[in-house]
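Colleague: When you get a sec, could you build the whole thing from the sequences and use the hints?
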Amino acid sequence: GYKIGVGGTITYPRASKTRDVIAKLPLASLLLETDAPDMPLNGFQGQANRPEQAARVFAVLCELRSEPADEIAEVLLNNTYAVFSVSG
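Residues in the sequence shown are numbered from 1109 upward in steps of one, following my numbering.
Hint data in this document are derived by calculation from the structure and do not stem from the laboratory. Values in this document were obtained by computation on a predicted structure and should not be read as measured data. For every residue, glycine included, the Cβ atom is placed at its ideal position computed from N, Cα and C.
Straight-line alpha carbon distances no greater than 25 Å define the calculated SDA-like cross-link-like pairs of lysine to any residue that follow:
no. : residue 1 : residue 2
1   : 1111      : 1167
2   : 1125      : 1162
3   : 1111      : 1160
4   : 1132      : 1168
5   : 1111      : 1141
Computed beta-carbon distance windows for the label pairs:
no. : residue 1 : residue 2 : range
6   : 1156      : 1136      : 26 to 34 Å
7   : 1121      : 1141      : 14 to 22 Å
8   : 1150      : 1195      : 29 to 37 Å
9   : 1133      : 1194      : 18 to 26 Å
10  : 1194      : 1125      : 28 to 36 Å
11  : 1193      : 1123      : 26 to 34 Å
Modeller: Take a look at the structure:
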């Protein structure tokens, strides 16, 4: 299978096509990323992106998806474990 990284682009309302696709893709195909230090999040233009901004990307992802936040978090964690061949 494939995985698609979901990063800061989804924090921009004008990225409507990307946001629509991310909302419709199977949750099992998604990974969370920040694109740090590049691609600042919406509202942080001109600043270096930082790994801790992943929480903001996650919050926007939860707004776009229909699943509850705890389910999204669990699936994303399991997806990350699978990609890096580690267990939780």
